[in-house]
Structure formats: C-alpha cells, structure tokens
Amino acid sequence: KTEIVLSDKLQTKINEKVADITKKMTKDLNLSTKQTKKVGAIKLCEATSIEKERANTSKSQLKIKNEIILLNNESDKKIHKVLKKDQDVIYEAKKDDYKYNPGLMEKMKDFYKDTKENIKEKLGGN
225 KTEIVLSDKL
235 QTKINEKVAD
245 ITKKMTKDLN
255 LSTKQTKKVG
265 AIKLCEATSI
275 EKERANTSKS
285 QLKIKNEIIL
295 LNNESDKKIH
305 KVLKKDQDVI
315 YEAKKDDYKY
325 NPGLMEKMKD
335 FYKDTKENIK
345 EKLGGN
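Just so we're aligned, residue 225 is where the sequence shown starts under my numbering, counting upward by one.
Just so you know, the hints here were simulated from the structure itself, not pulled from any lab data.
The calculated label-pair distances, taken between Cβ atoms and stated as ranges, are: (1) LEU294 to LEU328: 20 to 26 Å; (2) LEU294 to LYS331: 16 to 22 Å; (3) GLU345 to ASP310: 46 to 52 Å; (4) GLN235 to LYS289: 20 to 26 Å.
As a list, the in silico BS3-like pairs of lysine-lysine whose alpha-carbon atoms are at most 30 Å apart: (5) LYS319 to LYS237; (6) LYS241 to LYS323; (7) LYS319 to LYS276; (8) LYS323 to LYS276; (9) LYS287 to LYS276; (10) LYS308 to LYS241; (11) LYS283 to LYS333.
C-beta atoms are modelled at their ideal positions from N, C-alpha and C, and glycine is treated no differently.
Could you build the full structure based on these sequences and the hints that come with them?
Here's what the structure looks like:
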C-alpha cells in the first residue's frame, strides 16, 4: 500500500478549515480547553484522512465515498466519547455543521471523476 503524501498547501488549507470547525464547535458546545484540543485532533485526523482518500487515484469514486462515510462515523464516535451528555445532544443536532468540507472546486472534481466512471461503466469499459 503506497502512502499518500499531501502537499503543504493542502495541509495548510486542511489545518485552517479544521481550526474554523473546532472554533465553531467550541462556541456552540461550550467545550473546555481539554475538550477543544481533543476534538481538534480528531477533526484534523478525519480531514487529513478524507483528503488522502480523495487523492487516491487507484480507488473508484464509490469506494472513496464509502471510505469517507466510515471516516466520518469513526470521528463521530470518538467525539461523542469526549463530550458530556448535554453537549452530546447539541452535537448530534448540529453535526452536519461540523463536517469537514473539501471545498466547491474539489467537490466538482469528485463529481467529474464520478460521472466519468459511470459513463465508462455504462459503455462497458474499465
């Protein structure tokens, strides 16, 4: 299995987005400093893993999407362990607001790859 290395530019972008998500979660859920650090680390790991999946050209878009769903679920489980009961309820209601989003252009690229794969499949190609 080849290790996918993300560019410094992309890693900086991920760090900034995760910092924004963590700041929003800290405010909305009234996280302690300790919780903020733990949640930030979980979200950073999730975002980095998502980008590595997206960069993996040897996988189909469907496999990548499924991996991302699994990564999101794993992060949710880890975050629930960090939160208190009252925070848990708010997190569950607002967790879509805290999802890592690669960005509009990246989503368009994924959509393009997905469409291309679907057309190949329908035409019977590989």
